[in-house]
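Heads up: the protein sequence lines correspond to chains A and B, in order.
Count the first sequence with the working numbering and you get residues 9 to 349, in order.
Count the second sequence with the working numbering and you get residues 323 to 795, in order.
Any given hint might turn out to be false.
[Unchecked claim] The following label-pair restraints were derived from C-beta to C-beta distances:
#  : chain 1 : residue 1 : chain 2 : residue 2 : range
1  : B       : G582      : A       : A165      : 39 to 45 angstroms
2  : A       : G65       : B       : G352      : 57 to 63 angstroms
3  : B       : E418      : A       : G51       : 44 to 50 angstroms
4  : A       : D61       : B       : E482      : 37 to 43 angstroms
5  : A       : T282      : B       : G582      : 56 to 62 angstroms
6  : A       : A131      : B       : T754      : 18 to 24 angstroms
7  : A       : D61       : B       : E718      : 38 to 44 angstroms
8  : A       : N95       : B       : E695      : 46 to 52 angstroms
9  : A       : G51       : B       : R534      : 54 to 60 angstroms
10 : A       : G65       : B       : G739      : 47 to 53 angstroms
[Unchecked claim] Far from chain B by the CB rule (all over 10 angstroms, computed), these chain A residues:
#  : residue
11 : R130
12 : Y164
13 : T282
14 : F299
15 : T300
16 : S301
17 : K316
18 : E332
To be clear, the hints were calculated from the coordinates, so they are not data collected in a lab.
Glycine is no exception: its CB is placed at the ideal position from the N, C-alpha and C atoms.
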Amino acid sequence: MSFNELILSIMDRLDGQRTVSAPFHVLKGKKSGQTIQDIGYFGLHPFFGVISDLQKGTYDEAVTQLCEAGLIEQADGPIKLTEKGRNRKKVPVRLDGWTFQGRERLFFARLSLAVQTFSHVRAGNPVFDPAQTRTDIQFWVKDYLRKMNFSAPESYAAFRSQLTESLMLADCPDRSKTILVDRLSGIGIGGLTWRQISAEYGISEMDAKIEATAALHAWLAVLREEGFPMLIPFLEGVLRHSPLTDSTKRTLRLYKEGLSVDEIAAVRKLKRSTIEDHFVELAMNDPAFDFTSFMSREAYERVNDISKSSGSKKLRDIKEQLPELSYFQIRLALSAGGEQP
Amino acid sequence: MSLEQLLEKTYGFDSFRPGQKEVITAVMDGRNVLALLPTGMGKSMCYQLPGHMLPGSVLIVSPLLSLMLDQVSQLKKMGEKSVVALNSFLKPEEKEAVLRKAGDYKFIFVSPEMLAQPFVISRLKRIRISLLVADEAHCISQWGFDFRPDYLRISEVMAELGSPQVLALTATATKKVQQDILHYLSLEEPNIYVHPMDRRNIAYDVKRFDTREGKLEWLKDFTAHYAGRGIVYAGTRKKAEELSAVLRQNGVRAVFYHGGMEQLDRVFIQQQFQNGETDWVCSTSAFGMGVHVPDIRHVIHFQIPTSIEEFVQEVGRAGRDGQPSLSTLLVSPGDEALMNALLADELPTRFEAEAVLNSGGDRALVSDGVVRETSFRVLKYWLSRMPLDKTMQRMENLLQEKMNRAARMSGFPASDGCLRSYIAETFDQEITDRPSNCCVNCGLDYSMYPVRKEGEQHSGSGGWQERLGRILP
Chain A
9 MSFNELILSI MDRLDGQRTV SAPFHVLKGK KSGQTIQDIG YFGLHPFFGV ISDLQKGTYD
69 EAVTQLCEAG LIEQADGPIK LTEKGRNRKK VPVRLDGWTF QGRERLFFAR LSLAVQTFSH
129 VRAGNPVFDP AQTRTDIQFW VKDYLRKMNF SAPESYAAFR SQLTESLMLA DCPDRSKTIL
189 VDRLSGIGIG GLTWRQISAE YGISEMDAKI EATAALHAWL AVLREEGFPM LIPFLEGVLR
249 HSPLTDSTKR TLRLYKEGLS VDEIAAVRKL KRSTIEDHFV ELAMNDPAFD FTSFMSREAY
309 ERVNDISKSS GSKKLRDIKE QLPELSYFQI RLALSAGGEQ P
Chain B
323 MSLEQLLEKT YGFDSFRPGQ KEVITAVMDG RNVLALLPTG MGKSMCYQLP GHMLPGSVLI
383 VSPLLSLMLD QVSQLKKMGE KSVVALNSFL KPEEKEAVLR KAGDYKFIFV SPEMLAQPFV
443 ISRLKRIRIS LLVADEAHCI SQWGFDFRPD YLRISEVMAE LGSPQVLALT ATATKKVQQD
503 ILHYLSLEEP NIYVHPMDRR NIAYDVKRFD TREGKLEWLK DFTAHYAGRG IVYAGTRKKA
563 EELSAVLRQN GVRAVFYHGG MEQLDRVFIQ QQFQNGETDW VCSTSAFGMG VHVPDIRHVI
623 HFQIPTSIEE FVQEVGRAGR DGQPSLSTLL VSPGDEALMN ALLADELPTR FEAEAVLNSG
683 GDRALVSDGV VRETSFRVLK YWLSRMPLDK TMQRMENLLQ EKMNRAARMS GFPASDGCLR
743 SYIAETFDQE ITDRPSNCCV NCGLDYSMYP VRKEGEQHSG SGGWQERLGR ILP
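For reference, chain A alone in the conformation it holds in the complex (with noise of 0.2 angstroms):
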C-alpha cells in the first residue's frame, strides 16, 4: 500500500465528516482526545501513528496529487472524496498501528542488533560495528544473546529458523518481507538505505517505509500468535500490557463469545452493576471499544455534547435532560468520549 493509498483510505473512511488535515493527525499518532476518538469512531485502527515522523510539508503534497488524479475535490475544508475516489481499487490494509504505536521499531532494532550478532559470531568474527548505536538496545541485545547461549550452534540454528519460518507465515506481500530483510545487516552483508530501496523496487522512499512497518505488524501478529520461543523475547516492550484488571479480562472474554451483561453477571456470579463497571473500565482504557451494542451513536454524542456545552460531568444533571438513558449508559458514553465519569 503506497502513501497515497493509505491516506486515501483513511479519508474514505472519515468522507464528509472531518477535515483534510485530520489523516495527518491520525498517521501522526497524535493523542488529543479529537483524534484518539476518531480512531473508534471511524476504526482507524489501522493507521494510527505508522508515521510518526511525517512532515507536514510531505503529507500536503499528497494531498495535492490526489486532488490532481481527481481522487478528492479539494485540498482543504472537509473531506470530499470523488466518484473516481470511492470506485477505486480497494488495498487490502494490512497495518495495525493503534496495537504498536511505532514500537515495532523498537522490535526491529533489538531484531536487527541480534542478526548481526549471530551472523558475525557465526563466521567467528565477533568483532564488528554494531548497526545499533543505542545503548539501551545494545544492553538489552547482550542480555538477550547472553540468556540464549547464543555461542552454542544450536541456538543459531534454531534463531535462524525461527525467523525465517515465522517470517514466512507473516500475512504480507513477498516484496514487503524483502524490503524488511534489506534493512538487515550481516557479515559482509550491508544493509540497504532507504534510497536504494526506492530505486531497487521503483517506489517512493515513503512507500517502502510503509511496507516496512506494514511487514513488521504482520510478523509481529504471528509472533504473538504462535509459539517461537527465541524470538517471544522481543516482543518485551513491545506488545502493549493490557492495563485491564483480571476481572474486567474475564468479563470481556464472555462479552467477545457473545453474552450480554445480564448473561455475564449470571455466569460469573456477579452483580449487574459491577459487570457495568467493567464495561465502564474497558471503555475508558479502549478508544476502540464499540458502545453501539449499549446505545445509538446518536445517545453517544448527545450525551457528550450535554457534558460538553454544560461543563458537567455530574451524572444525574444529564439524566435530567436524557431520561430515556439509563446511568450506565450515560456513564459508558462519558468514558468512550475520553472523560472520567
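Place chain B on chain A using the hints.
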C-alpha cells in the same frame, strides 16, 4: 615489562606505529604532552596503553558526539571493557548512575558541554584522574578551522580536577594553533611531539577544467578505468547525490553519504563501503569519521576544500595500509568564488549576534532556526565576554583568517612547485626525502594504481529468503 611487551600482551600488536612510542614514553615520564600525529596513525593508543599503567582513570575530552561514539566503540572492539561516554545522549538517571561509579571506569569520555555542569565536575572531583586527554586539541584555538568555544572550559576545570597531567592530541595544527593549545591548556614545560605530516604513500594530483561539466566527464572516465575503493568529496549534499547517480548510470558501484541521512542509512553506507559492496562513496565532509577502511586508494575532491587542514584530513583517509594511494583535486573557474561565498555564509551575522544577545543565549534560537548551530556556539562564547561591536569585530577578523586559509588552499592547485612541499610548508615542516611518486608537478606514475576489473556488478535481489540465507547461512 617493556612497552612493546605490554602492547603485545594487551592488544596483540607486535610493534608500535610511528610516533606512538615517543608519545607514550613522554606521558609515562609524567610530562605534559602535545602530540601532532597524522590521521590514521592510531592516536588513541597514546592514552590507551598509559591507561593500563597509570593508577586511576583517564578522562578524554572529545569535541564531537559522533567522534566520541566511534572512539568508544573502537576501544570496545579492541577489548577494553572499562569504557564509558558521558554525553547529552544519556538520560539523567543514566548519567547519575555512570557518575556514581565513575572511578570504576578506566576510560571516561566526556563532551566539553558536560564539563560545564557543576554536578559532573563535583562527581569527577571525587575520583582519581591520572591523565586528561584533550582530543582534537586544535578545537581550542579560535584560529583553528574547527574552533569549539566549549573547549576553553577544559582549562577552567583543570584546577578543580586536581591539575592532572595533560595529553593534547591533534592531527593538524599550524605553529599558531600549537601556541594557542599550549597557552589555553596552560601546559608548562610541555613535551611537544610533531610527527611529519607527510604521508609518503599518498601522491597528489590536480586536474584543471574549463567547466564543471569537464570535471564530471573526467570523474566518469576515471572511475570507469581505475579500481576503488575511493571517496569523492562533493562539497554539498545535493552534489554528492548527483555524482553518485551519474557514476551508477555509468555502471560504477557508487553510493552517496551525507549528514542529512538517517542514522541507520549512514551506518549501512559505512557497512557497504567496508564490505566492498560499493567502490565509491560520494559525500560531504561528513564521511570519514567512523570509517575504518585501510585500503582506500583514491580521495577525489570534486570541490576545493576551504583550508589545507581540511584537505589534509580528508586526503589522510586514503592509504592507511601503506599502499600507493592518490589524492586528486579537481578545479574549474568559479570554484574560488563559490568557496569564498561559502566562507562568508558560514560566518555569524550581526542579526544572529543580536538575537543571541537579546535572548540571553537561549538555545531555542537554534531549534527555531533563527540562529545556526555553529554561529550560536561561537557567538554565545564571545558575547559573554565582550560587547556586541567587539564581537562583530572579532567575527570580521575570523572571516579574514578564514579567507587567508582559503587563499592558501587556492594556492595549492595554482602552484607549479612540489605539492607535497606546499602542504608541509603550511604546517611549518619541510620535505627532505621525496618519494618517487610525489605529485603532478614532480611527476606521477599512474600505473601504481590498480585498474578496474569488469563484472563487479551486484547481483539482483533473489528475494528475502535468499538474502536472509546469506546473512545467516
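We went through each hint and held it up to the structure:
1. B:G582 x A:A165: 39 to 45 angstroms: holds, 41 angstroms
2. A:G65 x B:G352: 57 to 63 angstroms: holds, 59 angstroms
3. B:E418 x A:G51: 44 to 50 angstroms: holds, 45 angstroms
4. A:D61 x B:E482: 37 to 43 angstroms: holds, 41 angstroms
5. A:T282 x B:G582: 56 to 62 angstroms: Distance hint for T282 (chain A), G582 (chain B) holds at roughly 57 angstroms.
6. A:A131 x B:T754: 18 to 24 angstroms: violated, 46 angstroms
7. A:D61 x B:E718: 38 to 44 angstroms: holds, 40 angstroms
8. A:N95 x B:E695: 46 to 52 angstroms: For N95 (chain A) and E695 (chain B) the Cβ distance comes to about 51 angstroms; the hint holds.
9. A:G51 x B:R534: 54 to 60 angstroms: Given range 54 to 60 angstroms: holds, Cβ gap about 55 angstroms.
10. A:G65 x B:G739: 47 to 53 angstroms: About 52 angstroms separates the Cβ atoms of G65 (chain A) and G739 (chain B), which means 47 to 53 angstroms holds.
11. R130: The claim breaks: R130 (chain A) does not keep its Cβ more than 10 angstroms from every Cβ of chain B (closest is about 7 angstroms).
12. Y164: Contrary to the label, Y164 (chain A) does not stay out of reach of chain B, its closest Cβ about 8 angstroms off (not over 10 angstroms).
13. T282: holds, 40 angstroms
14. F299: holds, 40 angstroms
15. T300: The claim stands: T300 (chain A) keeps its Cβ more than 10 angstroms from every Cβ of chain B (closest is about 41 angstroms).
16. S301: S301 (chain A) clear of chain B: closest Cβ-Cβ about 42 angstroms, beyond 10 angstroms.
17. K316: Per Cβ check, K316 (chain A) is outside 10 angstroms of chain B; nearest 35 angstroms; holds.
18. E332: holds, 53 angstroms
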